[in-house]
Amino acid sequence: MATQHSRSAARIMMAPAVVLLLGWMLVPLTMTLYFSFKKYLPLRGGDLGWVGFDNYVRFVSSSAFWPSVQTTLVIVGGVLLITIILGVLLSILLDQPMWGQGIVRILVIAPFFVMPTVSALVWKNMFMDPVNGLFAHLWEAFGAQPVEWLSDASLLSIIIIVSWQWLPFATLILLTAIQSLDSEQLEAAEMDGAPPLARFGFIILPHLSRAITIVILIQTIFLLAIFAEIFVTTGGAFGTRTLTYLIFQRVLESQNVGLGSAGGVYAIILANIVAIFLMRIVGKNLDA
Amino acid sequence: MGQITLNQITKSFGDVQVIPPLDLQINDGEFVVFVGPSGCGKSTLLRLIAGLEDVSSGAIDIDGTDATEIPPAKRGLAMVFQSYALYPHMSVRKNIAFPLRMAGLDKAAQDAKVDAAAKVLNLTDYLDRRPGQLSGGQRQRVAIGRAIVREPAAFLFDEPLSNLDAALRVNMRLEISELHQSLKTTMIYVTHDQVEAMTMADKIVVLQAGVIEQVGSPLELYHTPRNRFVAGFIGSPKMNFFMGAFASEYNAATIGVRPEHLSVSHTDGKWSGKVGVSEHLGSDTFLYVEVDGVSEPVTVRSTGEVGFRHGDTVHLTPDPDKIHRFDNQGLRIQ
Amino acid sequence: MARAVTPRRKTINTLAAWAIGLLIFFPILWTILTSFKTEAQAISDPPVFLFFDWTLENYAVVQERSDYMRFLWNSVIIAGGSTLLGIVIGVPAAWSMAFVPSKRTKDILMWMLSTKMLPAVGVLYPIYLLFIKLGLLDTRVGLTLVLMLINLPIIIWMLYTYFKEIPGEILEAARMDGATLKEEILYILTPMAVPGIASTLLLNIILAWNEAFWTLNLTAAKAAPLTAFIASYSSPEGLFYAKLSAASTMAIAPILILGWFSQKQLVRGLTFGAVK
Numbered sequence: 010m011a012t013q014h015s016r017s018a019a020r021i022m023m024a025p026a027v028v029l030l031l032g033w034m035l036v037p038l039t040m041t042l043y044f045s046f047k048k049y050l051p052l053r054g055g056d057l058g059w060v061g062f063d064n065y066v067r068f069v070s071s072s073a074f075w076p077s078v079q080t081t082l083v084i085v086g087g088v089l090l091i092t093i094i095l096g097v098l099l100s101i102l103l104d105q106p107m108w109g110q111g112i113v114r115i116l117v118i119a120p121f122f123v124m125p126t127v128s129a130l131v132w133k134n135m136f137m138d139p140v141n142g143l144f145a146h147l148w149e150a151f152g153a154q155p156v157e158w159l160s161d162a163s164l165l166s167i168i169i170i171v172s173w174q175w176l177p178f179a180t181l182i183l184l185t186a187i188q189s190l191d192s193e194q195l196e197a198a199e200m201d202g203a204p205p206l207a208r209f210g211f212i213i214l215p216h217l218s219r220a221i222t223i224v225i226l227i228q229t230i231f232l233l234a235i236f237a238e239i240f241v242t243t244g245g246a247f248g249t250r251t252l253t254y255l256i257f258q259r260v261l262e263s264q265n266v267g268l269g270s271a272g273g274v275y276a277i278i279l280a281n282i283v284a285i286f287l288m289r290i291v292g293k294n295l296d297a
Numbered sequence: 012m013g014q015i016t017l018n019q020i021t022k023s024f025g026d027v028q029v030i031p032p033l034d035l036q037i038n039d040g041e042f043v044v045f046v047g048p049s050g051c052g053k054s055t056l057l058r059l060i061a062g063l064e065d066v067s068s069g070a071i072d073i074d075g076t077d078a079t080e081i082p083p084a085k086r087g088l089a090m091v092f093q094s095y096a097l098y099p100h101m102s103v104r105k106n107i108a109f110p111l112r113m114a115g116l117d118k119a120a121q122d123a124k125v126d127a128a129a130k131v132l133n134l135t136d137y138l139d140r141r142p143g144q145l146s147g148g149q150r151q152r153v154a155i156g157r158a159i160v161r162e163p164a165a166f167l168f169d170e171p172l173s174n175l176d177a178a179l180r181v182n183m184r185l186e187i188s189e190l191h192q193s194l195k196t197t198m199i200y201v202t203h204d205q206v207e208a209m210t211m212a213d214k215i216v217v218l219q220a221g222v223i224e225q226v227g228s229p230l231e232l233y234h235t236p237r238n239r240f241v242a243g244f245i246g247s248p249k250m251n252f253f254m255g256a257f258a259s260e261y262n263a264a265t266i267g268v269r270p271e272h273l274s275v276s277h278t279d280g281k282w283s284g285k286v287g288v289s290e291h292l293g294s295d296t297f298l299y300v301e302v303d304g305v306s307e308p309v310t311v312r313s314t315g316e317v318g319f320r321h322g323d324t325v326h327l328t329p330d331p332d333k334i335h336r337f338d339n340q341g342l343r344i345q
Numbered sequence: 026m027a028r029a030v031t032p033r034r035k036t037i038n039t040l041a042a043w044a045i046g047l048l049i050f051f052p053i054l055w056t057i058l059t060s061f062k063t064e065a066q067a068i069s070d071p072p073v074f075l076f077f078d079w080t081l082e083n084y085a086v087v088q089e090r091s092d093y094m095r096f097l098w099n100s101v102i103i104a105g106g107s108t109l110l111g112i113v114i115g116v117p118a119a120w121s122m123a124f125v126p127s128k129r130t131k132d133i134l135m136w137m138l139s140t141k142m143l144p145a146v147g148v149l150y151p152i153y154l155l156f157i158k159l160g161l162l163d164t165r166v167g168l169t170l171v172l173m174l175i176n177l178p179i180i181i182w183m184l185y186t187y188f189k190e191i192p193g194e195i196l197e198a199a200r201m202d203g204a205t206l207k208e209e210i211l212y213i214l215t216p217m218a219v220p221g222i223a224s225t226l227l228l229n230i231i232l233a234w235n236e237a238f239w240t241l242n243l244t245a246a247k248a249a250p251l252t253a254f255i256a257s258y259s260s261p262e263g264l265f266y267a268k269l270s271a272a273s274t275m276a277i278a279p280i281l282i283l284g285w286f287s288q289k290q291l292v293r294g295l296t297f298g299a300v301k
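Residue numbers (our numbering), protein chains in the order written: chain R, 10 to 297; chain L, 12 to 345; chain A, 26 to 301.
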């Protein structure tokens, strides 16, 4: 549906967005690649020349690298597991007929709108503080010794905080998916003699599989990059240094830009692997 | 004025040529219908004339000036779309006034023209409503109103009745015909429905795969279809075709006989067969007769009161003057 | 649901859902409640829930001590500015892709999406360096630009999916009626797409408001928005629960309200149209 005239107009109108995003992608990316092959210490001599793949090797062989990968995987995996399982259950519950459905929905979604620094601080101080936190009071009420959450169970604490933030996202998307399920399908299954658990396993879960995949992929991309939650709670201490945080420390705290950039390239590659799968799904949807 | 000449125009989408070189002359004041099965290129052809698509080659001439490179707005044509394409966020009045507003007319002149058009189209009471609050027929009239106020050189209609129910379609068909009678403006009308084509057109253009199969008045197409395709497409119910021995008797590869040109009898006739389904419409009865050697049932149009039943053996006789003969290329033999 | 449910079943559903909903909402509720307590009540043992002396003192103190209004203003400018700028750039681009699609449209859309997936930390130093060179570090302009760029793919995607739902014939009708491209976008497309543009606006304000990587790393004092304001409470002031709560409540209140309005569009926006 187009003429030469409208096609050239389209090109002109697309240009600003394309040029800006191209610049936003290429300029920093090129610089990161450039720095990653240099010994570059801005506060200690600046540009000290080319070092080839030295930074890449050093980043991987540093004692902090593997623990950070492990931390990243534990956090991403833990949050995904919690948000998906609870999200499926919660979305099924919210889909049931009840009074005040709209309000419950709002209550459940609310954490998603809380800025990460706020939720991290609130959890850190008002819930997980070993002296005055609500959890401490709760533990004492049952006669137990309060837990030093952010030092003794630091990873678990972060997983709890981040899961609380992302559970609404998973629930909301899964709920949308459930609501698109034709209720006649469920009724047909019931007529066919399928008990509730079988209906869940054979009808609801397969229907949700696409939405679950999307939730996993999108959350993974965001979770790989979580920053503020660690920044304001543990500052990367007590085994909570993720890959993202390690790179941040290399670049801004120890000002080893070459090393940090090599780490950045690793992070980009990692994110791209996840992104490719996500884009496949989104792309397929685009054709439909 | 509204004379449109298409000169060797073609249209390709990528490597696919949907319209091979095509010539067509549309005279001022004519009601021209483009008809053909879906995907035959009739809508594309209309959009080329409108300027919503570029021609790949060739020229479009409107009232003696070359309009090939002129953008749609400047061609002086108005279009009524299949979906009506009303602006949902504007009242009926604003919808109809939109082209006038774009042309820079002052408010008073806009109102005068809108009111006049609304009166013609019986929309006066609905001017302040939104399109969403109107029925299908009313929306259709708003779309026509929006076209009328521009006083275009020609109206283009793209399957305008296909979204209406059957009864309304007949009404709107009449209204559009009456409009043409009173405005005497050129109208180009695209449809896949040959009944609309037969009832409304001064001139029918039958298209298939982007190629013009025949151009002519409705009765020309009915009486002397140029080929098998036109013969089968024009007329309802469809023409019956006979091949093999049936046709060679008439020195043709295929012969065609319209259902209304077959007489049917219990006792004697040229071809015999068994009655399958019979449809009683009151005024007419359509018999579907299984004839040995003919793959599809032969349709016969008979008077309303005939006593044939399922399974009866009947005899059919074609009206010898109304037999259409085609050669093995499917072309008409004179 | 096609059939009636027994009242008993509905009651159980309601109780369960409300219990879980309140549990999930509790940290927010607790924060809001605490913000009205005195510091002593905020850490009292056992904790008090509703029966305390309600006070607005904390809000006054927070405002006075940390100049809340300045951070709020920065947040408003940065989130609002980046979103508006993104819409101005995004509408024409989305128009092009939705109504004049070409063979490359899909590739361009996918590519735009891929820029969104670039991990920020991977390009932190180059951006930091560029910001110093261009004098953009700790400026609202700089942050507005960055947030606009990171959200532009989402803006274009959302607008694209909304525009796709508008029949092209209506725009063609406008063209036949003599509208220029500008008039077509201004008088026909934009009014028709108001709901879509509004939800795009809303979602992106939320995302920009809560963005906490670039806002923490590219600002110091002048341009710091609320995310940084709260981060400054991490210690030792965080021990003053009532004040921390008051500050937090002020930081999240505007967006909670916006968020409740946009919850339906959230799904489409965050899944790039893959779930509707």
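Any given hint could be a false lead.
[To be verified] Mimicking DSSO-like on lysine-lysine, the simulated pairs with C-alpha atoms at most 27 Å apart in a straight line are:
id, chain 1, residue 1, chain 2, residue 2
1, A, K207, R, K293
2, A, K158, A, K189
3, R, K293, A, K131
4, L, K105, A, K189
5, L, K105, L, K130
6, L, K124, L, K105
7, A, K128, R, K293
8, L, K85, A, K141
9, A, K131, R, K47
10, L, K249, L, K214
11, L, K285, L, K214
12, R, K293, A, K141
Source of the hints: derived by calculation from the structure; they are not laboratory data.
Practice task
Starting from the hint list further up, note which numbers the structure goes against and sort them upward.
Solution key: Hints 1, 2, 8, 9, 11 contradicted; others consistent.
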